[in-house]
Amino acid sequence: MSNIESQTIAYVRDTMIPEQAPPLTESGAIKWLRENLFSGWFNTVLTLLSLAVIWWSLAAIGPWLVNTVWNAGSLSECRRILDGTEGACFAVINDRWHQLLFGFYPSDLYWRPVLALVLLFVALAPILFTGLPRKMLWFSAAYPFVAYHLLWGGSVWLPISALLGFVAGGVAFVLVRKINGLAAIFASVLAPVFWWLVVAGPFDDAMSSVLPLGLDFVRSDRFGGFLISLVIGVTGISLSLPLGILLALGRQSDMVFVKSVCVIFIEFIRGVPLITLLFTASLLLNYFLPPGTSFDLILRVIIMVTLFAAAYMAEVIRGGLAALPKGQYEAADALGLDYWKAQRLIIMPQALKISIPGIVNTFIGLFKDTTLVVFIGLLDPVGLSNAIRASTDWQGIYWELFIFIGALFFIFCFGISRYSMYLERKLKTDHK
Amino acid sequence: MTEPVIEIPTDRQIDTSQMKVSDEVAIQITDMNKWFGSFHVLRDINMTVNQGERIVVCGPSGSGKSTLIRCINRLEEHQSGQIIVDGTELTGDLKNIDKVRSEVGMVFQHFNLFPHLTILENCTLAPIWVRKTPKKEAEEIAMHFLEKVKIPEQALKFPGQLSGGQQQRVAIARSLCMKPRIMLFDEPTSALDPEMIKEVLDTMIALAEEGMTMICVTHEMGFAQAVANRVIFMDQGQIVEQNEPREFFNNPKSDRTKLFLSQILGH
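Protein chains in written order, with this note's numbering: chain Y, 1 to 432; chain P, 1 to 267.
Worth flagging that the hints you see were computed from the coordinates, not collected in a lab. Where hints are given, some of them may not hold.
As the list claims (entries may be wrong) - Derived lysine-lysine pairs resembling DSS-like cross-links, with alpha carbons at most 30 Å apart:
| id | chain 1 | residue 1 | chain 2 | residue 2 |
| --- | --- | --- | --- | --- |
| 1 | P | Lys150 | P | Lys198 |
| 2 | P | Lys132 | P | Lys95 |
| 3 | P | Lys136 | Y | Lys341 |
| 4 | P | Lys157 | Y | Lys353 |
| 5 | Y | Lys178 | P | Lys136 |
| 6 | Y | Lys326 | P | Lys157 |
| 7 | P | Lys95 | Y | Lys259 |
| 8 | P | Lys198 | P | Lys20 |
| 9 | Y | Lys428 | P | Lys136 |
| 10 | P | Lys135 | Y | Lys326 |
| 11 | Y | Lys326 | P | Lys95 |
| 12 | Y | Lys353 | P | Lys136 |
| 13 | Y | Lys135 | P | Lys135 |
Excised from the complex, chain Y in its bound form (with noise of 0.2 Å):
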């Protein structure tokens, strides 16, 4: 039929139409426009609105930012030089940076916590981008033994014979997995337990008396700022995240009583606030442990504080694993692959590439949370915008405090929002 009907309407194009622009509402600027600010009534009501709102919030907010006074020794002199006009009083951070990064750290030596920052970048680097050579990763092992040496500073020995510590454990571990794969795991908790009880004080003393090395000592309570917040939201953050892969793992567990431990514990974290773990870390921990045991106080935020994300994130990534479908599982298990290696080379993979942005959002919220520790006298960098206000110059200023806290916060967690969404775009391999 569509025989007949092709040679009775019989035609041959001669002349190809060559391509022309297209109109000029349908490109461009105009084009956009339209199709996103103008496409009817509704949008374009919404639109206006929305210019008159930033219209007013930069009117009020404008002139008062470009009429910064930079600097000035306190809040009078400020508004002595702005003489009545409105504008902002940035001088305080100018006069009070160091304390808002730092907090009373000693002053001659900044040099080692930025240099702690900036070593932390480097060891991140190889961990964030796979591109970059493995032997990076060695660097990045060793970086929690240096970064705690240039802070906290002390004989070079004590972070020497801890990570001694871990070496032992991994080298009881190669030894005794020849014989035995669970007396491996024993043995790679023993040894270090074991050096760390017995070898590791005399060793440190030894080491100290024949070659005495190390940086001046700097007590937890100089700590503070910015400096403080980074120390508890990156070990919280890179602890929490195996920590929770392991209570996710025990979760599903098919021996009842690791299931019931990681189950308890989950759902106890999650049951009782923040802030009362950390008054718990800050008080009632000194009763529960032996007299004469000094527990550093940042050390006991940082545990309480990973915990906290820990079970966080084990609920997160339980529900990656629940995404998977099963046939992965019995793939990795008809390949003859054990647990522990099916775990690490099929599940976690893919279970963990689901919950990047359940991760993300547990690292960016345990790292917000950091500013809790204020109310339990650490000095983060809202506990010095209270002693900077304290102080006679610089009373009753808010804004501009609460503006330079909350960009540092904005530039890290911002960073760390950037990095997921690079990391699911490069992860991406479905194809959709």
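For chain Y, the structure is supplied; the task is to place chain P on it using the hints.
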């Protein structure tokens, strides 16, 4: 009864010279029972598979045929009786299970390729981590089998970029990379479009021609006719009938088998 017309799923002549059944026992299943909760899925299964046999297991859905072959590599646990694979008895002992699994390859209905790894990485993963093969050697082996299933050019792509038939052929290659002595196929073509079924069956026929011991759960009766030396019919968790394919299709004994064949062969 007229002889049913069964279409053989390949255009070429099948080379049967290597298809030899040896006396060596590959799988021995004795009085095996399995329950899912209180549901008795497999009942008194007795079955011996010799090295080099090509067995097709068929039956209506829910008859336990998938469960049966999943018991052979312990994806499912049996509750009584004995399964001995290549001289190793399957018990709760994890070492034995891993040993059996590394000798028995399995191909799934939904391919179950690892979507986060390339085709090549899918194929080298188990040899590297289970067999401790050096990476370079594992890649050579992988390329060899990818050529065998006729998709070496896809090696660096991800599973999501391949068609269903190609993915299933990769899954076959992935299993072969472990150099298994036995291959299990769990409805390998059921999730495929008709034009892709043929390429997968062709790959399986080529595998049979090399003398691989195979147990296939499938509804592809043409495949059974062409390469199987034995067809097993299951219903309600029991082996109802087994015979060599010609007899099985032309002269089924039990009424249940007759009914099943008449439904799937569609006279």
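Evaluation of the provided hints:
1. P:Lys150 x P:Lys198: Holds. Lys150 (chain P) to Lys198 (chain P) sits at ~13 Å (cutoff 30 Å).
2. P:Lys132 x P:Lys95: holds, 16 Å
3. P:Lys136 x Y:Lys341: holds, 20 Å
4. P:Lys157 x Y:Lys353: Distance of about 19 Å is within 30 Å: holds.
5. Y:Lys178 x P:Lys136: holds, 25 Å
6. Y:Lys326 x P:Lys157: It holds: about 23 Å lies between the C-alpha atoms, which stays within 30 Å.
7. P:Lys95 x Y:Lys259: With a Cα-Cα distance of about 24 Å, the restraint between Lys95 (chain P) and Lys259 (chain Y) holds, given a limit of 30 Å.
8. P:Lys198 x P:Lys20: holds, 24 Å
9. Y:Lys428 x P:Lys136: holds, 26 Å
10. P:Lys135 x Y:Lys326: holds, 28 Å
11. Y:Lys326 x P:Lys95: Given pair Lys326 (chain Y), Lys95 (chain P) holds - Cα atoms ~22 Å apart, limit 30 Å.
12. Y:Lys353 x P:Lys136: holds, 28 Å
13. Y:Lys135 x P:Lys135: Within the cut-off at roughly 19 Å; holds.
In the structure shown, no violation is registered for any of the earlier numbered hints.
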